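J.: Residue numbers (our numbering), protein chains in the order written: chain A, 65 to 369; chain B, 4 to 338; chain C, 3 to 455; chain D, 605 to 911.
To be clear, the hints were calculated from the coordinates, so they are not data collected in a lab.
Take the hints with a grain of salt, since some may be wrong.
What the hints assert, rightly or not - Coverage of chain B stretches by chain D, computed from C-beta distances (three or more under 8 Å per stretch; other residues unrestricted):
(1) 169-179
(2) 241-250
(3) 266-276
(4) 279-286
Said to hold, decoys possible - Cut-off 30 Å, straight-line C-alpha distance, at most; resulting in silico cross-link-like pairs (DSS-like, lysine-lysine):
(5) A:180 <-> A:233
(6) A:219 <-> D:701
(7) A:155 <-> C:229
(8) B:31 <-> D:613
Computed from a predicted model, the values in this text were never measured in an experiment.
Glycine residues also receive a C-beta, built at the ideal position from the N, C-alpha and C atoms.
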Amino acid sequence: MKKTVPLFIGIAFGCFAVAEFYIPHHHVGALSNEFRQWAAILAASAFILGGVNILQVTWPQIRRREPDWRYKVVLLVSAAIMLLVGLPWHKLGSPAKTPTVERAATADAELAARGKAAITVVVDDDVTFMIAGKSAAGTGRPVVTEVDPGEVEVKLSRRVAGYRPLTAKVTVAAGERATVHGDPPMIWGRDGRVFVWIYDHIFSPANATMFALLAFFVASAAFRAFRARNVEAALLLAAAIFMMLGRAPLGRAISDVLPDVAQWLLDVPSNGGRRAIMMGAAIGAIATGLRVILGIERSHLGSDS
Amino acid sequence: MTALPWVDIVGYWIGIFLTICCLSFLYKDNPFYKLAEHLFIGVSVGYLIVLQYGDNIEPKVVGAVFRGEADGGWWVLRLVALVLVLMMFVKVVVPRWSWLGRYPLAFVVAFYAGLQINAVAQAELGAQIKFSAGNIDAVKVDLNTAPVDALIALPGSSGLVATKLVAERAQRPFVSVDDAVTRPSLTDLERADLAGARGNLIGLDAKAAVGPGQHDAFGIVSNLLLLAGLLSSLVYFYFSIAHRGVIGGVSRFGVWVLMIGFGASFGLTVQGRISLAIGRAYDVLGRTVDPADADRIHGPVVAVVSIALIAAGIALWERRARRDAGDQAGSRGQS
Amino acid sequence: MTRALLLAVLALVTVGSAAAQPTPSAPTPVVPLPPDLRPPSRAPDPGPPPVAPPLAGVTDLDVRVPDNDNGRHFAIRFTRAADVGEDVVTAVFRRRWGQVAATAVFPTMLGPADATPRTWSVEFAGPTPPPLGALAAGDEVGPWQVAEVLAGGETTLTDEVPPGQYEYVVVELRRGPGDTIVAASAGAVIGPRATEASWFNTDRTGYLGIVLLIAGFIGWYVWETRKGKALYVRRLPGVDAIEDSIGRSTEMGRPVLYVTGLEEIQNIQTIASLLILGHVAEKTAEYDTDLTVANYYPLTMVVAEEVVRQGYANAGRIDAHRPERCLFITAEQFAFAAGVSGIILRDRPATNIYFGSFFGESLLLAETGFTTGAVQIAGTAELTQLPFFITACDYTLIGEELYAASAYLTREPTLLANLKAADAFKILAMLFIVIGVALATAGVFDLGPWAFR
Amino acid sequence: MSAEHWSAKLQRFDRRWIFLVMAVAVVVPLFVPLGLPARPDPMTKAAFNAVEALPSCGPDDVPPKCARVFVSIDLDPASTPEIEPFYRAVVLHLKRKNAKLVFATTWYQAPPLVDRYLRETIEAAIAPAGTDGYDGAADRPYRKGIDYVNLGFRDGKGAIIQAFGSDLRGAFDHRADDGTRLDRIAMLDGVNKLSDFDLIVLVSAGNPGAKEYVQYVGTRNKLPMIAACTAVSTTDLAPYYQTGQLIGLVAGMAGSAGYETLVGKPGAGTAGADVLNIGNLVVIAAIVFGNVVFFAGRRYQRRGRTS
C-alpha cells in the first residue's frame with residue numbers, strides 16, 4: 065500500500081502527461097490544465113514548508129548560540145517583517161477615504177461672466193493633483209485652477225509607490241467655486257509603501273550587487289583557468305579572446321574582420337557543438353523521464369521503514 | 004515632480020551601504036557581508052511567500068473553491084489538490100505517517116517528467132534534428148528574382164532597403180551586386196550599411212548575386228563544418244565504446260568543437276557580466292535616478308563614506324580575530 | 003431604414019441554396035420538415051421600401067472541422083465575388099442546429115424551394131432588434147449569432163464554438179456612412195455541421211516516434227540485461243571522482259555539499275539531480291560523512307529529503323539520517339548564491355557537487371568553492387553555464403552525462419540499459435541527419451520537415 | 605635566502621589584485637567617456653526591422669489599423685543594465701508607431717520594476733518633441749486601457765507560458781493587473797491567445813523567458829517573436845534565431861547600444877558599451893597574464909629539475 069499505490073499514481077499521471085501532448089481533444093486539454101493547477105498549488109503551498117524548514121534550521125542555531133547566531137536572528141526578523149508588511153492591513157481599517165468637496169455658497173459673478181468655474185485644491189506638498197489631464201505639484205497652500213463647467217475629474221496621487229490614488233468627480237456650473245481636500249492613504253500589502261520600500265532599497269541593491277560580483281569573478285576565472293595546458297584549453301582560450309574582441313565596439317575599431325570572425329564562430333562551430341549538446345541532453349532527458357514514469361527509477365518514492 | 008521624501012533618500016543610502024557590504028565579499032568573508040547576506044535572504048523569503056500566496060494559493064485555491072471562480076475545472080477537482088497539499092504537510096509534521104507524502108510527490112514528479120519529455124522532444128530534439136537534416140548547399144540569393152523577405156535577410160539590408168531594391172529592379176534589372184548597391188533611391192545611410200556589409204566570406208557578395216543558381220562556396224564549407232562538428236560532438240557523447248582509435252579521433256575533434264563553442268560563449272558572457280558591474284556603478288553614482296533626486300542623495304559621497312566605514316570595521320574585526328587567535332595560542336602554550 | 007434592411011438580410015436567403023449547393027463533405031440529408039412545423043405561409047407584410055441593388059453573394063461556402071482539432075473549431079472557407087468593393091465586409095452568422103426556439107415557430111432556412119424569397123418577420127427574427135451600427139462578433143441577431151465580421155477581405159475564418167451542431171450563413175454587407183449597412187447580398191447557407199474532437203494530432207507523429215523509439219530501446223536493453231548480458235560503458239571521470247571525493251571528505255572530517263540546481267521539479271534536470279542525490283546519499287551513509295543538500299525551491303527540498311532518507315535506508319543507516327541537513331535556502335537566485343557561498347566559506351565542505359540547472363550564479367559558487375580548496379564536480383545541461391563550470395570546477399558532466407550519472411554511480415543493469423538505449427537512438431539520429439542532408443542537398447526530398455512538422 | 609625566482613613569486617599572485625584592477629576599469633571610464641560608435645549587429649538589425657515592419661497609425665485609431673504588440677518583461681533589478689536600454693529604445697520605437705501594447709511578466713521580482721517602467725516610459729513621453737540629441741518622431745503619453753494594458757505577473761514558468769499560448773485571458777483570470785475585467789477593455793477585443801498579436805517582444809533576462817516562449821508556444825503556433833537577452837544567453841538563443849523561431853535577437857549591452865543607435869536615441873546602452881571595451885581589455889589581459897604565469901611556472905619547474 066505504501067509503495068505500490070504511489071508508484072501506480074506516478075505511472076498513471078506520467079503516461080497521461082505524455083499522451084496529453086498528442087491528443088488535441090478539448091476535454092483532455094481541460095483536464096491537463098487542471099492537473100497543472102494542482103502542481104502549481106502544490107509548489108506554492110510548499111513555500112510554507114520552506115518557511116518551516118528555515119525555522120527548523122535557524123531556530124536551534126539561535127537557541128544554542130552557535131557561531132553567527134546573531135545573523136540568523138537578522139534573517140528571521142527580516143523575513144517576518146517582510147511577511148507582515150506584505151499583508152493588506154489597510155483593508156481592515158476604516159473604509160476607503162474619498163476626497164472631500166466643499167462648494168462655495170455664492171456664485172462668482174466675474175467667473176460666470178467668462179463662463180468658467182474654479183476648483184481650489186488643498187493638499188500636502190508631496191501630493192500631485194491632476195485636473196482634466198493637466199497635473200501639478202501640491203504646495204500645502206490652496207491652488208486655484210480655472211476649468212470649463214461640467215463634470216471635472218480631480219486625481220490626487222503621491223509620486224512614491226505605496227499610496228492609493230484618490231479621484232473625485234466634481235460637477236461645477238459656470239461661476240461656481242469648489243474646494244477639494246484629500247490625502248492619498250498609505251496602503252500595505254504587495255504594493256504597499258513599506259513592502260516596495262524594502263524591495264527598492266534592500267532587495268534590489270543586494271541582488272544587483274551579487275550579480276555584479278560576477279564581473280570580478282569572470283576576470284579571476286579568466287586569469288586562473290584559461291591556461292593553454294592542452295589543445296582543448298588553447299581552443300577555449302582563443303575562441304574566448306576572439307569573441308571578446310569581436311563583439312565589443314573596440315573590436316570593430318581594430319578591424320572589420322573581427323566581428324565577422326566572432327559571428328562566424330557563433331554561427332558554425334559554436335552552433336554545431338550547441339546542437340550536439342542539446343540533442344544529447346534531450347535524448348538523456350527523455351530516457352530519464354521515461355525511467356521515472358515507467359517506475360524503473362523509484363528513489364523519489366522513499367523507503368518502507 | 005514633487006521632492007523625494009526623506010525616507011526614500013535614507014533608503015538609497017542603505018542601498019549603497021549594502022552594495023559596499025556585498026562587494027567586501029571580494030576581499031574576504033566578513034561580518035558586513037554576513038549581515039548583507041542574511042538580510043537579503045530574509046527579505047527574499049518574506050517576499051516569496053507573500054507573492055506565492057497572492058498569485059497561486061489565493062486565486063487557485065481560495066478563489067476556485069470558496070468563490071467558485073474555478074475556470075474550467077470544477078471546484079470538486081480543486082479539492083483533490085487541497086488533499087494532496089495536506090498529505091505533503093503530514094509528511095513533514097508527522098514522521099510516522101510520512102509515507103502519505105509519497106502520493107503528492109509521485110504525482111508531481113511523474114506529471115512534470117511526462118510534460119518535459121514532450122517539450123524536450125519537440126523543441127530540443129525534433130526541431131534540432133529537422134534543422135540539421137536540411138540542405139547544406141548554400142545558394143546565393145538572386146537579387147533580380149528573390150522575394151522581399153529573402154532580400155531583408157541579406158547582410159546590411161533592412162525592410163526599407165528590400166522594398167526599394169524590388170522597386171528598382173522593376174524599372175531596370177540589376178547587372179551586378181555593385182549596381183544594386185548604388186541605385187539612386189537608396190539613402191546615404193543605407194548605401195553605407197550595404198557597403199560596410201560587403202565581403203565574399205560571410206558578407207553581401209557571399210550571400211547575394213545576380214542571376215539564378217550561384218553557390219556560396221564558403222557557405223557550403225561552413226555548413227559542412229557545422230555538420231561535421233555536430234556529428235563528431237554526438238560521437239563524443241557516445242557511451243557504449245571506449246574513445247580509442249578512429250572513434251577516439253572523431254570524438255577528440257568533437258571535443259575541440261565543443262571547446263570552441265564554450266570559449267565563444269564565455270567570451271560573450273564576459274561582456275554581459277561587466278555590464279552588470281557598470282549598471283551597479285550607475286545606480287550608486289545616481290545616474291539611473293531623476294537628477295533632482297540624485298542631487299539630494301549624494302550617491303558618490305555616501306559610497307566613499309560607506310567604503311571608509313566598512314574598511315575600518317573589517318580592519319578592527321581582523322585585529323580582534325588575530326588577538327583572539329593569539330590568546331588561544333597563548334593559553335594553550337606554545338603548541 | 004437600415005434596421006429593416008439588415009433584418010432583411012437573413013431573410014433574403016436564396017431558399018433553394020440547400021438543393022443547388024453541392025455539400026462537398028459527407029452529404030448531410032436535408033430533413034423535410036413535418037407539416038405542422040412548417041411556418042404558416044403568409045403574404046409578406048408590406049415590409050421595407052425597395053432594397054438597393056443586391057450585392058453578389060459569396061460562393062463555394064465550405065465549413066469543415068480543421069485537422070487535429072480539439073473539438074471547438076470550424077474552418078470556414080468561401081470565395082468572394084471578383085469585383086467586390088473595398089467598403090464591403092463579410093459577416094458570418096451561426097446558429098445552433100436542432101435547438102427549438104422558445105417562442106417562435108421553428109422556421110428553417112432550408113425550407114422547401116418555393117420561389118418567393120422569404121421576408122424577415124418578427125417571429126422569425128425574434129423580438130429584439132439587432133444592433134445595426136457596429137456589428138461585432140458575438141452579437142445576437144434573433145436566433146442567429148455573429149461569428150465574425152471580416153473587414154480585411156479575408157476568405158477564411160476559424161470560428162471557435164462550444165461543441166455542438168451548427169448552421170452557418172455568410173453574407174456580404176456594404177457599409178455606408180456612419181457604419182450603417184446600405185446593401186446586403188443573398189446569404190450562402192450551410193449546415194448542419196457537428197464539431198469533432200480528434201483523438202490524435204497527426205502533426206506530432208514525428209515526436210511520438212522519437213519517444214516510442216527511445217522507450218522501445220529501453221525495453222529491449224532491459225530485456226537484454228534480464229538475460230544476463232553484460233553491458234560495456236566507457237569510463238566517465240566526473241562520476242568516478244564523486245566516490246573518491248566522498249572518501250576524501252570522510253578522511254578530512256569535512257561535510258559534502260550537494261546543490262540541486264535552480265529549477266523546480268518542473269525541469270527534468272532537477273529530477274535527474276534528485277535521482278543522483280539518492281545514490282550519493284547512499285555513499286555518504288556508508289562512509290558516514292555529513293551530507294548538506296541546498297535546494298532552491300521548497301518542493302525540491304521536500305523531495306530531496308525523501309530521496310536522502312531512501313539513500314540512508316538503502317545503506318541500512320536510517321538512524322544517521324538528519325532531515326534538517328536538507329536546506330531550503332531561498333527561491334531568489336542571488337540570495338541563494340549568497341547563502342550557498344556562506345555555507346561553502348563557513349562549513350568549508352571538502353566536496354561541492356552542483357548537479358541540475360544553473361544560471362548566472364554558477365561562476366560565483368564555483369569561484370567561492372575554489373578559494374576553499376574543495377573538489378568541485380558540476381553537471382548541467384544549461385549551455386550558457388557549461389563554460390563557467392568547465393573553467394572553474396575540477397570535473398564537469400556535460401548535458402547528457404548528467405543524465406547518465408545515475409547509471410554510472412549504481413552500475414545497475416536497468417539504468418545501464420537506459421544508456422545503451424540513448425546510444426542506439428543517437429546512431430539513428432545521426433543516420434537520419436546524414437540521409438536527410440544527402441536527400442535535401444540532392445533536392446530529392448526534405449526529410450526533416452516531413453518528419454517533424 | 606636567494607632572491608626568489610620571479611616566476612615562483614608570480615605563482616603566489618593574489619587574485620584580489622585582479623579585482624582591484626577590474627574595479628578601477630569599471631569606475632574610471634564612467635567619468636572619462638570614450639565615445640566609440642556602437643555598430644548594430646545583424647541580429648539586432650533584424651529585430652529593428654521586425655518592429656519597423658509593423659503598421660503605424662494615428663493616436664486615436666484602433667486595431668486592426670494599429671498594430672497590437674505583446675511585451676513580456678521577464679527580468680529582475682540585477683539584469684536591468686544590459687536589457688533596460690533595449691526596453692526603453694523598443695518602447696519608444698513602438699510608441700512612435702502608436703502600437704497598442706499589452707504588458708505581462710512571468711518573473712516574480714519584476715512587478716515593482718514593471719510599474720516603474722510604466723510610470724516613466726509609457727504613461728509619460730520618453731522623447732517629446734524637441735528632446736535634444738533625438739531627431740526622430742516624438743512619442744506621446746499612453747492612456748491605460750486605451751493605448752496599453754498591464755496584465756501583471758503570473759507564476760508557473762513553462763506551464764503558464766503554454767497557457768498564454770492557448771488561453772491568454774484565462775491565464776490572467778480575466779483581469780488586468782489593476783483588477784479591471786479584460787472583456788471591458790476595447791483594445792483587447794478579439795485577443796484570446798498570443799497568436800492574435802502582430803508581434804511579441806520578449807525582454808528576457810533568463811528563465812523563464814525567450815527560450816521557454818520558443819519551447820512552449822513559439823514552435824507550436826509559429827509566432828512572430830523578437831527577444832532581448834543578456835549576453836550570456838546569446839549562444840543559448842542563437843540557434844532559435846538561426847532556425848527562424850525568433851525573428852530578431854538583441855544580445856547584451858552591445859545589442860542594446862546597437863538598437864539605441866538604430867532608433868536614433870543614444871542612452872545608457874551606448875554609454876555603457878564604452879565602458880565594456882575597457883572591461884574586456886582587462887579580462888583579455890588577465891588571460892594573457894595567467895598564461896605568462898603558467899608558462900613561466902612550467903619553465904621554472906623544468907629548470908629547477910635540470911639544474
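J.: Hints first: check each against the structure and report whether it holds.
T.: Status of each hint after checking the structure:
1. 169-179: Violated: only 0 residues of the region 169-179 of chain B have a Cβ under 8 Å from chain D.
2. 241-250: Answer violated; 0 residues pass the 8 Å Cβ test.
3. 266-276: holds (count 8)
4. 279-286: holds (count 7)
5. A:180 <-> A:233: Judged against 30 Å, a Cα distance of about 17 Å means the pair holds.
6. A:219 <-> D:701: 29 Å, holds
7. A:155 <-> C:229: 69 Å, violated
8. B:31 <-> D:613: 22 Å, holds
Violated hints, in rising order: 1, 2 and 7; the structure is consistent with all others.
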